[in-house]
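Residue numbers (this note's numbering), protein chains in the order written: chain E, 1 to 76; chain P, 1001 to 1454.
Hints are not guaranteed to be accurate.
To be verified - Going by beta-carbon spacing under 7 Å, a handful of chain E positions derived as facing chain P:
1. 25
2. 43
3. 72
4. 74
To be verified - If you want the footprint, here are the derived chain P segments under chain E, 3+ residues with CB under 8 Å:
5. 1215-1229
6. 1291-1299
7. 1410-1424
8. 1432-1442
Read the hints as simulated data drawn from the structure, not as lab findings.
Just so you know, even glycine gets a beta-carbon here, dropped at the ideal spot from N, CA and C.
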Amino acid sequence: MSDVAKTLDASGLACPMPVVRTRQAIDQIESGQILEVISTDRGSLQDIPAWAESTGNVLVAKEDGGDRFTFRIQKG
Amino acid sequence: MIQVITIETPSLGDRSYIAHDGSRAVVIDPQRDIDRVLDHLHAEGLDVTHVLETHVHNDYVTGGLALARMTDAVYGLNADDALAFEFHGLHDGDVLESGLMRVRALLTPGHTPTHLSYVLSDADGNDLGVFTGGSMLFGTVGRPDLIGPHMTAELAAKQYHSVRRIAAEVADAAQVHPTHGFGSHCSATQATKPSSTIAAERTDNPALVKSEQEFLDELFAGLTPYPTYYRYMGPANSAGPGAFDPTPPEEFDLDRVVALLKQGAWVVDLRNRKDFAASFLAGAVNAELRNDLPNYLGWMVPFEEHLILVGDDATVLDEAQRMLSRIGYDRLQGRMVAAPGAFAGHELERSIRVVRFDGLEGVAPEDRTVLDVRDTWEYVTGHHRDAIHIPFHDLPERFEEVPRGRTVWIYCATGARATIAASFMVRAGFDVVLIDDFCLPGDVPGEKLVGAGA
Chain E
1 MSDVAKTLDA
11 SGLACPMPVV
21 RTRQAIDQIE
31 SGQILEVIST
41 DRGSLQDIPA
51 WAESTGNVLV
61 AKEDGGDRFT
71 FRIQKG
Chain P
1001 MIQVITIETP
1011 SLGDRSYIAH
1021 DGSRAVVIDP
1031 QRDIDRVLDH
1041 LHAEGLDVTH
1051 VLETHVHNDY
1061 VTGGLALARM
1071 TDAVYGLNAD
1081 DALAFEFHGL
1091 HDGDVLESGL
1101 MRVRALLTPG
1111 HTPTHLSYVL
1121 SDADGNDLGV
1131 FTGGSMLFGT
1141 VGRPDLIGPH
1151 MTAELAAKQY
1161 HSVRRIAAEV
1171 ADAAQVHPTH
1181 GFGSHCSATQ
1191 ATKPSSTIAA
1201 ERTDNPALVK
1211 SEQEFLDELF
1221 AGLTPYPTYY
1231 RYMGPANSAG
1241 PGAFDPTPPE
1251 EFDLDRVVAL
1261 LKQGAWVVDL
1271 RNRKDFAASF
1281 LAGAVNAELR
1291 NDLPNYLGWM
1301 VPFEEHLILV
1311 GDDATVLDEA
1321 QRMLSRIGYD
1331 RLQGRMVAAP
1341 GAFAGHELER
1351 SIRVVRFDGL
1361 EGVAPEDRTV
1371 LDVRDTWEYV
1381 TGHHRDAIHI
1391 PFHDLPERFE
1401 EVPRGRTVWI
1411 YCATGARATI
1421 AASFMVRAGF
1431 DVVLIDDFCL
1441 PGDVPGEKLV
1451 GAGA
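Can you build the whole structure from these sequences, using the hints too?
Below, the structure written as C-alpha cells:
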C-alpha cells in the first residue's frame, strides 16, 4: 500500500513488545500518516486495537492471517 | 535442488526445520506435535533419513524421538548427551549423508555444554545453510544460563567462541537457521529480522563484532527471568518423550468441575479476559489463548498438576491442549466448554471489577494496595506512585507479601498478565480490581505514576 508511511515487523515478539514497538514506531511518523504493524502474537489482536483507541490513534485496518496479524494505524 | 522448510512455533518463539533434496529429508529440532512435520513430509513426498537435535532442549519437549521411531530414521544427538534411550551419538566433524545432502556436525557449546550445530552442504561441499539451534541466532545468541548458575560463566565464554567458530568455518552465503530467538526465553534477546546469513551476522552478531569482555558484560546484563517449567524440560527430553496425543480429555460438566475445584484442582479458564472477569468460578486461573500461554502457565501452575481446561469452544480447548503438550503439560483431567452465562448464579461464581487507571481516583490509599506485576525491567522505567512490585511469575511464591484485608488493584503493561495475576490472587483469597489499561515502559500517565528510578 502506497499510503503506508512506515512498516513495523514485530514478528516473534511476545507481550508487551509488539505494543511497545508500535508506540516507538508511531513516534517516528507524522499525524495523519499510517503505520503498518505485523505481529505473530495472537494477543496483539486485542492489544493493538485497544492501545490505538486509548491513545487517540485510529485503527484503519486489521487482518487476521491465522498466525500472522497485520494492523494499519493512522496517527492521531 | 536442496531446500529448507521452516516450521514456526510462535507460542514458544522457536523454529524447526526440514532440509530436503526432493526425496530425502533431514529434520532438525522438531517440536512435540510432529503431525505438523508429518504433514509437510507427506505433502512433499519426503522420506526422512535423519532426525537431529542441536541440543537437549530446555524450553520444550521434543518430538524428535517419536518422529525418528515413526519414520525409522536415525536419531542423532551429541554422543556425550546422557539419555535414557538408544540414539546415534554424533561427534564434532561427523558427516551424515542424506540423498544429495551432506550434514556436518559442529561442536558449538554455550547454550548447553554439548550443543551441536549442523552445516548443510551439497555433495560438492558447497555450504547452503547452518542449523544453529541455540548458538548463533539472528543478531544475538542463545542464553548460557539455563543449565545452572554454576555453569553460566563458562558457557557464556564458550558461546562467544562457538559463534566465532561457525562464522569461521561456514561459507558467507550460507543461510543461518536458528531454533531460538523468535520470542523464546532461550534467546538472550529477540531477533529483529526474519532471515540471515553468515555474512550478515558478521556485522550484526554481538559475538562477532564485540570483544569477548564486552560481549560477556552485555550478555549478563541482559539476562531476564525465564519460566519455571524450563527445569522440567531437560529431564523430560532425556527420558525419551512420546509424541503429542491430540485425543481430548474427558468432557466435564459444571458439577464435576466445581467438585474438583473445591478439592484444589487447577482449572485454567482460557476465555477472553473481559468474559472471564464478568463471570468465573472462584479458584479458576485465567489465561487467554495467546502465544504466551505456555510461558505464562508454565510459570504459574505447578508442572505436576492435572489441569482442567475451560474455554468458549472445542477449537480453543484443542489448541490449548496442543500448546501445553509442547511443554509437557499432558496431564489433563478433563475439559469443559463454557457457554456464555455458564456460571451464572452458581455459588462459586465470582466477578472481578475492571477499570482503567483513572478508576483509582478517589480511592483512599489506606483502602487499597496497588500491585504492579510487570517484569523488573519494565517496572524500573516508571510505575504507579504507591505500587508494590511483584513480577507476575513470582506471585505463587510471594503473594504473602501483599497485605490482607485491602483490595488489591493490579496492573501490567497491557492487561494480559494482570488478568492472570488477578485470577491467581482471587484463588489465594484476595479481593481484587483489575486495571485493564496500558502502562508501557516509560509511561507516566498523569500524576498517578512516577518516573524512572523512583
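Evaluated hints:
The criterion of a C-beta within 7 Å of any C-beta in chain P is not met by residue 25/E, whose closest approach is roughly 12 Å, and the hint is violated. Among the interface hints, the one on residue 43/E holds; its C-beta lies about 4 Å from the nearest C-beta in chain P, closer than the 7 Å criterion. About 19 Å separates the beta-carbon of residue 72/E from the nearest beta-carbon of chain P, more than 7 Å, and the hint is not met. With its C-beta approaching chain P no nearer than about 19 Å, residue 74/E sits outside the 7 Å limit, and its interface hint is violated.
Only when three residues or more bring their CB closer than 8 Å to a CB of chain E does the claim for the stretch 1215-1229 of chain P stand; here the count is 0, and the claim is violated. With 3 residues having a Cβ less than 8 Å from any Cβ of chain E, the stretch 1291-1299 of chain P passes the three-residue criterion, so the hint holds. Check on the stretch 1410-1424 of chain P: 6 of its residues sit with their Cβ under 8 Å from a Cβ of chain E, so the three-residue criterion for coverage holds. Coverage of a stretch by a chain is defined here by at least three residues with a beta carbon nearer than 8 Å to that chain's beta carbons; for the stretch 1432-1442 of chain P and chain E the count is 4, and the condition holds.
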